[in-house]
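Turn these sequences into a full structure, and let the hints guide you.
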Amino acid sequence: MLIVFYSLLMLRVGRCTDDLNFEMKTVKVGHDVTLTCARQESLLSTFNLFWIRLVSGNMPEMLGGTFDFNHDGVNKTPRITAKQGDGTFLLHISEAQLSDTGLYYCMKVDSLDMTFVEGTFLRIQGPEPDITTVIQLPSSGPVLPGDSVTLQCSVLSDSQNKLCPGDHSVFWFRAGSEESDPTFIYSHGSSSAECEKSLEARSPQKCVYSFSKDVSSSDAGTYYCAVATCGEILFGNGTKLDIEALWDLQTANGVVFLLCAALVMSLIVISYLSYTMKKKSCGCCNGNTSFLYFNPSNSILQKMKTCWFILHRLSPRGNLAKQTERQLNQQRQRRPTLTSGLL
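Counting with mature numbering (1 follows the signal peptide of the UniProt record, and there is no 0), you get residues -16 to -1, 1 to 327 for the letters of the sequence shown.
None of these hints come from the bench; they were simulated from the model. These figures come from a predicted structure and were not determined experimentally. Please note that the accuracy of each hint is not assured.
[Claimed, not checked] No more than 30 Å apart at the CA atoms, straight line, and that leaves these computed lysine-lysine pairs for DSBU-like:
#: 1; residue 1: 12; residue 2: 67
#: 2; residue 1: 263; residue 2: 197
#: 3; residue 1: 224; residue 2: 197
#: 4; residue 1: 9; residue 2: 92
#: 5; residue 1: 67; residue 2: 92
#: 6; residue 1: 12; residue 2: 190
What follows is the structure, given as C-alpha cells:
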C-alpha cells in the first residue's frame, strides 16, 4: 500500500476539494487527541480513506486507512489508532508527544485520483519553562585585539514551579557583522554557573553564566546567550562587541601628522609671501623700481600707479625739467621787452 501511495504522489494526481476543511489544534503533552474525517457510506463506493502525517524534514507517514467500508481492519501504529465510525473516519492519538506536531491530512483515493478532504495542523504544547528571563549586559565600549573580554548572561528561573525534568543548558552564539548564520562558540556545564537564591518567598533564582576570551579583530559581532529548557530555546537580547583594529589607529595617527605638517608649511609660505610683498611695496615707495613678473590684481595695480606718480613728481630729473622750462619762459618774456627798448 505504501508503494502505491508514493507512486501516486510521484504522478502528481493529488488535488484538494473546493470545500477543504482545515483547522488548527493545540494539545498539551500527555493529553489525548482525536481527528475526524467525514465519509459517505455507499455500497457502490470504490475509494479508500487514509490518514497521513507531514512533518518537516521527514517523509510522509501513513497512519491508517480503510480498504472498504465493510472491513474493520486498518493500519495501526503505536499510540495512534485509525478507526471507522458512523459516517466518520477517526484518528486517535493517545498521550501526545512533542514529536507528534505536524500536518495531518485525510485523503481519499479513488483509482488514480487523490483528493485531500480534511487538513489539521496539530501543535503539541510542552510544559511551561521555569525560565522567566534571560538578561545580557551591554558592552562597556570598543576593545583592542588581544584584550580579554568577559560576557555575562543572567538567567532568572522559578525553582518552585519546575515542571521540566533535568537542568537547562546555556550556549553562546555569535552573529557576525555580515549577513551570515550564527556561529556556536561555547557551552556551559551544569556546574559552571554562580547561582543565588533570594530569601523572599516566590522570588526567582538568579544564575550568572560568564564567558571570557582573548579577542581578535575577527571576533567582532553580536553575542547571544541561549537557554534550552522544556524543548524550547530562549535567547537574550544580545551583547554587541566592537573591536578597533590597530591599523586604523596607525592610519589615524599618520593622517593627523600629515595634516599638522601641511598646516606648518602653509603658515611658513604665507609668512614668506607676506614678508616679500611688504618688502617690495616699501622699496617701491623709496624710489627703488624693479620689474615684477606676475599678474597683479586691481588693488596692487592701483598702488603701483600711485607709487609711479609720486616718484615722477618727486624725482630730481622731474624738478630740473620744470626749472629749465621756467627759465625758458622768462627769457621769452624778456626778449620782446629788450627789442622794444632798443627801438
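Each hint tested on the structure:
no., hint, result
1, 12 / 67, "23 Å, holds"
2, 263 / 197, "68 Å, violated"
3, 224 / 197, "15 Å, holds"
4, 9 / 92, "22 Å, holds"
5, 67 / 92, "15 Å, holds"
6, 12 / 190, "28 Å, holds"
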